[in-house]
Amino acid sequence: MSLSVLDIGIIIGYIIAILFLGFYIARKASKDLQSYFLGGNKMKWYMLGLSNASGMFDISGTMWTVSILFIYGLKSAFIPWLWPVWNQVFVFVYLAIWMRRSNVMTGAQWITFRFGDGKGARLSHIIIVIFAIVSVIGFIAYFFEGIGKFCTSILPWDLAVNIGSFHLSSERSYALLLCTMTTLYTIKGGMYSVVATEVMQFIIMTISCFVIGYIAYTSVTADQVHAAIPQGWSDLSFGWNLGLDWTNTPFPAVNEKIASDGFGLFGILLMMMLFKGIFASIAGPVPSYDMQRVLSTRTPGDAAKMSFTTIWVMYIPRYLMVAAFAVLALVYMQTELGAQGGQIDFEKIAPLAIAKFVPAGFKGLLLAGLLASFMGTFSAFVNAAPAYIVNDIYKKYVNPNGTDEKYIRMSIISSVVLVFIGIMFGFMGASLNKLTLWITSALYGGYAAANFLKWIWWRFTGYGYFYGMLFGLIGSTIKLFLFPEIVDIYVFPLILLFSFAGCIIGTYMSPLVNREAVKAFYKQTNPWGFWGPIRKEVLAEDPGFKPNKDFKRDMFNIVIGIIWQMAQVVIPIYFMIRENYQMLGWVIIFIAATWLLKKNWWNHLGKADENYKQEQA
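Quick note: the sequence shown uses the numbering used here, first residue 137, plus one each step.
By construction, these hints were calculated from the structure, which means they are not laboratory data.
Treat the hints with care, since some could be wrong.
[Stated by the list, open to error] Think about it this way: if two alpha-carbon atoms lie no more than 16 Å apart in a straight line, the pair counts; the simulated EDC-like pairs of lysine to aspartate or glutamate are:
{"#": "1", "residue 1": "K531", "residue 2": "E541"}
{"#": "2", "residue 1": "K393", "residue 2": "D481"}
{"#": "3", "residue 1": "K734", "residue 2": "E715"}
{"#": "4", "residue 1": "K655", "residue 2": "D686"}
{"#": "5", "residue 1": "K655", "residue 2": "D253"}
Starting from the given sequences, assemble the full structure and let the hints guide the process.
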């Protein structure tokens with residue numbers, strides 16, 4: 137891609153500014169571990185929400201989302217349910233409040249809060265640390281793969297290295313350079329640097345989204361889009377089969393991609409995603425940057441508002457950009473993509489569209505925004521994982537009496553090691569799609585069962601958690617290495633059942649030895665679920681305790697929240713392809729859902745904060 141002097145200046149200026157800001161803010165992080173990893177629980181919820189949105193607005197995910205919209209049309213709005221994306225709704229409706237009431241620093245430390253400090257609890261503590269580290273390494277590999285592809289498509293310099301028999305492609309060189317720069321300011325400033333830089337990055341990304349949206353909307357007509365797509369592409373509805381046939385379009389090779397993805401039986405796929413999504417969502421967020429943002433807030437109500445803000449500010453701008461790239465590729469890139477035959481690299485649609493359509497000046501801004509999306513997400517993971525290594529391994533088992541300076545220094549070392557390992561895995565990554573599907577379907581399949589039960593079942597023990605997680609990790613690893621050709625989401629139920637078996641076996645290996653710890657957890661967190669015996673004992677000891685009776689209201693708010701989130705996905709797509717009646721219908725749905733959430737959820741958050749402050753006092 138050819139870049140003007142102005143574009144290059146904007147990109148270089150952005151990189152210098154983000155590094156300066158990260159290092160300038162760093163001095164606030166050096167006080168102690170609480171400041172380094174959680175910002176001292178003093179940051180505003182809306183700043184953390186913008187930061188969280190920036191962390192989720194990753195470039196690899198954006199490229200993947202553009203590719204699935206290009207291939208599957210409006211039906212692609214359901215495919216991110218593989219994660220599932222609506223787990224954020226469960227978080228803001230009630231899980232954020234439950235998590236923040238724990239007053240801990242990491243997800244692994246939360247396990248000790250839940251199960252006590254017996255042998256089973258210690259095993260659970262260790263297994264969640266392992267899972268956190270494995271998942272972060274997987275995501276670092278995922279980002280490494282994505283940023284390399286993106287940079288080679290948009291930046292004009294060839295950074296390939298050839299020294300004798302040693303060869304490093306330009307793609308890998310770009311990825312190494314950006315990963316190194318992002319790691320530098322992240323390890324220097326901890327959570328303060330991450331949040332400050334991510335807020336700046338989010339502003340740049342949002343401007344970039346509207347710029348590319350304007351370009352696409354003024355460059356493409358509805359007739360041009362409909363001439364390039366198969367029948368059913370612009371329909372959100374579907375049957376058992378996907379019902380898309382690209383044979384008589386400019387892109388017949390897309391049929392091969394659909395077949396290789398294994399998404400042809402779309403009705404069954406959706407049922408599998410719903411099945412997985414319910415368990416994975418009640419399980420709560422994995423121990424990474426999302427949970428860290430929740431634990432960084434000042435109060436439980438702020439934690440819920442932070443998670444709500446993440447969806448509210450991110451989805452419409454992001455999907456406006458995604459839709460813009462997709463329609464530009466459909467209409468104006470038929471020659472480029474068609475020339476690739478059956479070997480179309482759909483993950484490069486976004487950078488190719490930037491190269492072809494974005495004018496000088498705006499191109500530099502847009503590229504800076506997309507680089508920001510990568511750096512923001514990468515820095516969030518780099519800051520999250522060391523908390524588990526330092527706080528949950530080194531401080532707990534190796535050096536419990538160390539100084540804060542020592543702990544922060546160990547965090548820097550562990551960050552560098554994790555990034556190095558993640559990059560090594562990135563060198564072996566086959567494609568963004570394969571990495572995405574393994575992370576979301578197989579690896580998380582091993583996480584869902586144990587973390588589903590920990591919230592709702594009084595009898596669940598540390599041994600049950602440990603064996604459930606262990607069986608899940610074994611199952612997902614077997615799938616990865618022995619059955620790589622099977623679509624991951626279809627294996628999820630087997631991994632889930634295997635993990636559930638581990639939970640039950642581990643739970644009934646021993647009696648509930650940590651009853652007092654379970655009672656303390658239940659009283660402080662106050663979850664709904666199957667807590668009958670524990671609830672009776674707590675009420676006997678404290679007749680003033682009020683058990684959680686919000687299950688029905690929470691479930692209603694979750695249904696409304698999923699619809700509210702879905703509206704923010706499809707509104708920009710319908711806008712871009714000029715399906716104005718469908719867009720208007722979803723705008724009305726969005727407004728109605730927002731009103732219902734305000735009435736039945738937001739207005740109740742003050743009570744959650746009031747109760748929390750009384751307990752802390």
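Evaluation of the provided hints:
1. K531 - E541: Holds, at about 12 Å.
2. K393 - D481: Holds, at about 10 Å.
3. K734 - E715: violated (29 Å)
4. K655 - D686: Given pair K655, D686 is violated - Cα atoms ~19 Å apart, limit 16 Å.
5. K655 - D253: holds (14 Å)
Hint violations for this structure: numbers 3, 4, all remaining hints satisfied.
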